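Peer 1: Take a look at the letters that make up each chain.
There are 2 protein chains.
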Amino acid sequence: MSEVAALFEPDSVVLIGSSKIREKIGMTSPQLFENVIYNMKKYFDGKTYVLDIEGEKNYKKLEDLPETPELGVILLPPNASLPQSEKCAKTGVKALVAITGGYKNSQRQQLKDLRNEYGIRILGPNTIMGVINTTNGLNTTFEKDVMPPQGNISVVSQSGGVGACLLDWTCFYKIGVAKFAFMGDKIDVNDVDLLQYFNKDPETKVICLYMEGVENGREFIKMAQEVVKSKPILALKGGVTREAAQRALSHTASITGSDTVFNAAFKKAGIIRVKDEEELLNAAIALVNQPLLSGDNIAIVSNVGGPAILAADAVVKNGLKLATLSEKTKKEIERRYSGVDVVNPIDLIADARAERYSVVLDMVLSDPNVDGVMVINMLKSCFFEAEDAVAVVETAKRHPDKPVVDVPAGGEDFTLVYKVLQDTNIPTYNMPEKAAKALKALRMYHKITKKIKED
Amino acid sequence: MSEVAALFEPDSVVLIGSSKIREKIGMTSPQLFENVIYNMKKYFDGKTYVLDIEGEKNYKKLEDLPETPELGVILLPPNASLPQSEKCAKTGVKALVAITGGYKNSQRQQLKDLRNEYGIRILGPNTIMGVINTTNGLNTTFEKDVMPPQGNISVVSQSGGVGACLLDWTCFYKIGVAKFAFMGDKIDVNDVDLLQYFNKDPETKVICLYMEGVENGREFIKMAQEVVKSKPILALKGGVTREAAQRALSHTASITGSDTVFNAAFKKAGIIRVKDEEELLNAAIALVNQPLLSGDNIAIVSNVGGPAILAADAVVKNGLKLATLSEKTKKEIERRYSGVDVVNPIDLIADARAERYSVVLDMVLSDPNVDGVMVINMLKSCFFEAEDAVAVVETAKRHPDKPVVDVPAGGEDFTLVYKVLQDTNIPTYNMPEKAAKALKALRMYHKITKKIKED
Chain A
-2 MSEVAALFEP
8 DSVVLIGSSK
18 IREKIGMTSP
28 QLFENVIYNM
38 KKYFDGKTYV
48 LDIEGEKNYK
58 KLEDLPETPE
68 LGVILLPPNA
78 SLPQSEKCAK
88 TGVKALVAIT
98 GGYKNSQRQQ
108 LKDLRNEYGI
118 RILGPNTIMG
128 VINTTNGLNT
138 TFEKDVMPPQ
148 GNISVVSQSG
158 GVGACLLDWT
168 CFYKIGVAKF
178 AFMGDKIDVN
188 DVDLLQYFNK
198 DPETKVICLY
208 MEGVENGREF
218 IKMAQEVVKS
228 KPILALKGGV
238 TREAAQRALS
248 HTASITGSDT
258 VFNAAFKKAG
268 IIRVKDEEEL
278 LNAAIALVNQ
288 PLLSGDNIAI
298 VSNVGGPAIL
308 AADAVVKNGL
318 KLATLSEKTK
328 KEIERRYSGV
338 DVVNPIDLIA
348 DARAERYSVV
358 LDMVLSDPNV
368 DGVMVINMLK
378 SCFFEAEDAV
388 AVVETAKRHP
398 DKPVVDVPAG
408 GEDFTLVYKV
418 LQDTNIPTYN
428 MPEKAAKALK
438 ALRMYHKITK
448 KIKED
Chain B
-2 MSEVAALFEP
8 DSVVLIGSSK
18 IREKIGMTSP
28 QLFENVIYNM
38 KKYFDGKTYV
48 LDIEGEKNYK
58 KLEDLPETPE
68 LGVILLPPNA
78 SLPQSEKCAK
88 TGVKALVAIT
98 GGYKNSQRQQ
108 LKDLRNEYGI
118 RILGPNTIMG
128 VINTTNGLNT
138 TFEKDVMPPQ
148 GNISVVSQSG
158 GVGACLLDWT
168 CFYKIGVAKF
178 AFMGDKIDVN
188 DVDLLQYFNK
198 DPETKVICLY
208 MEGVENGREF
218 IKMAQEVVKS
228 KPILALKGGV
238 TREAAQRALS
248 HTASITGSDT
258 VFNAAFKKAG
268 IIRVKDEEEL
278 LNAAIALVNQ
288 PLLSGDNIAI
298 VSNVGGPAIL
308 AADAVVKNGL
318 KLATLSEKTK
328 KEIERRYSGV
338 DVVNPIDLIA
348 DARAERYSVV
358 LDMVLSDPNV
368 DGVMVINMLK
378 SCFFEAEDAV
388 AVVETAKRHP
398 DKPVVDVPAG
408 GEDFTLVYKV
418 LQDTNIPTYN
428 MPEKAAKALK
438 ALRMYHKITK
448 KIKED
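From first to last, the protein sequence lines stand for chains A and B. Residue 410 in the working numbering sits at position 413 of the first sequence; the count goes up by one each step and never skips. Residue 289 in the working numbering sits at position 292 of the second sequence; the count goes up by one each step and never skips.
Because identical chains share one entry, a pair is satisfied inside a single copy or across any pair of copies.
With a Cα cut of at most 30 Å, we get these calculated DSS-like pairs of lysine-lysine:
id: 1; residue 1: K394; residue 2: K444
id: 2; residue 1: K39; residue 2: K57
id: 3; residue 1: K87; residue 2: K197
id: 4; residue 1: K54; residue 2: K39
id: 5; residue 1: K101; residue 2: K325
id: 6; residue 1: K325; residue 2: K21
id: 7; residue 1: K444; residue 2: K314
id: 8; residue 1: K318; residue 2: K272
id: 9; residue 1: K101; residue 2: K328
id: 10; residue 1: K272; residue 2: K444
id: 11; residue 1: K272; residue 2: K416
id: 12; residue 1: K394; residue 2: K416
id: 13; residue 1: K21; residue 2: K327
id: 14; residue 1: K21; residue 2: K109
id: 15; residue 1: K17; residue 2: K38
id: 16; residue 1: K327; residue 2: K101
id: 17; residue 1: K328; residue 2: K21
id: 18; residue 1: K394; residue 2: K21
id: 19; residue 1: K39; residue 2: K416
id: 20; residue 1: K416; residue 2: K141
id: 21; residue 1: K87; residue 2: K101
id: 22; residue 1: K38; residue 2: K21
id: 23; residue 1: K171; residue 2: K272
If you are wondering where the hints come from, they were derived from the structure by calculation, not from laboratory data. Predicted model only: the values in this text are computed from it and were never measured.
Modelling step: build the complete structure from the supplied sequences, incorporating the hints.
Peer 2: Okay, here's the thing in structure tokens:
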């Protein structure tokens, strides 16, 4: 096992903290330490040791442990953390997660020296949340009971806050996750290391990045180019504007670089850039669950008129096209449903239930002029019931080469239909604009892989 | 009372439908009729008569009613609807809501003739959902128990579907609404009539429009110019792309006009244009609850770093600026919290609770260099508890001239903090990007009213 792998797949972990130290301003606190212990004991399949540098009940020194753990997680202020890190490095611990922040440059250098001298890999410091692996239950976050369901999205966040927001989102909407890694100040383990690890990780099928800056641009691009051959990478970049970039410098000690440079780098690397947290996860969900979009032509099948027009606008604004239905499809639909006006977007009329959706969606997905479908099925103002959405799942299954996304536009409507669809492979969005962006990601990754094959 | 007012404030209403007719493809059904009766009896403060053209239990003819109702709501297919509409017009009913669609041009002309001959005002046909007035409980929608809370946002939707989506959203998130009007084919009552009515309506403070097209552009602009002197108008336009515009033509018989023309018209009219349904309501919530933004300078007060950087990006992308804090503010904050790095965005660090937010927010809002504030208070990865958000409400109250919006970024985090803030005047958004757009709307309306005063 590589040392980076020890961050995610250790057989044994030591949690190093204090039951007494509380920083006046900072993250070290007995409660936080307790919470990490709680999560690890609740979720982790391996062995967890607790080392409390002040306590009596637990281990007090690393050398008291019956074995050398593979991973150390340190929840102490910089001054107390450094000697513990050194002990871990000398004892043969393979990797460290340095949770807390507030390190001075000289202290960061001390951590780097340990890495260079002993080979120990260090995530952080200032990672805040550390790592999550849903497969073995490793969870170094101090948020009690916060654990996303198992799945195939892996997230790398330079920021604890953005990562926590994404984690909260995946838990709340029950989005399947493989791994989370919070990089913090990344004095050692960085984007390149994590991309390399995720590239080989069988649980990871899509990688989401939040980044403020990279130091080793060329290496990063080269690694990304390798990864995107088999797994899409989505990136959200913070510090895009000059003003925010200055702030990022003090936030994670990142030189963010100009936005134009990043755009060019992402393009060269085959990374799909997104504009916000929601778009990031929405695109990831589509990429994990649906086939790629092999052409630009989208059909919209809806039980409402206005939202279908907004959907058509969104499809075109996102660089896709409204499919021109074949004469055969038009005739078949018209023959069966005389009241339905068969142009794309297709308005099935507000009384459409599962049967009408099944029949028309099947015809539309069989049409060679159609590459993918956005289904809109609202409940309010319509006869559609949430359970009818099962028809979308079943019909889409018969056309495994064309992506289908679903939009029960609204608040409660979304919630009710989402309950029916969340455990299926049909991505569900609360507005047509969000679904169009997800389809765009499916199209972009298709183009990226096609280009790689041609090169 | 004007005839348009009779659409919203009738003393008495007759619901005209059928307990037997069910359209094969279309909205007429006994169940739908039952649902409208149910809603009206449940919510409406005035008198509701039920006229069932086939039934035995209710009134069968308009002339059997003990009085002439002020408003008629017709839920019948075009053929059956026209004679009933004529009877209403002749009897002196002031206004009609024509729920169902499927009218041919000749049938639409017959409705227009009634309007011209008898002065009856007609909303629709194809309005689908009709009208809602939260003050008197008028609710002609067939969605049982769907009634938003009372408030000051009024919505005019040309599309039943988009209107239903917005209605669903307001109910789900408990957003205060004054009136809803679904225009449908607008053969008579149109945007201009409704703007005129809402301009005088004391319950309406912000107007949201969804539109696909207008016929009487000049009149519309003139009326909007009058309205925006005292009430902001937000508009979402469907049929922006050529492809979707073609569809809008068959959807609501609208000639949408080129997008450039609409942009110019909105600008001339002082209407704030938004890009999607969520942005529409998010901006409306801010405009109803917060003072306008009298300058461009935004301070961001956050307990997380990365989301604050995304917030800074979003602020700048939306044409606003990051405020440069005064030396006085910097020194005061630094004196009190030595660990806090006082540049904007201000990172209060993850252990900030209510007290630190109160103190810093108060200092920032007192700073003459700051025109408005985006507060970010995440729970995950932080010590902040949902109840701490009360501090934001109380501090903002002491600075009634500067807008404050709140961002508990994420899924569950948003839901928990929203529960605390939803009945206060602090608008709450699940991502910084959405909050920045709401601040932009507060800035835009300030500029619009300032320009009007200067002209």
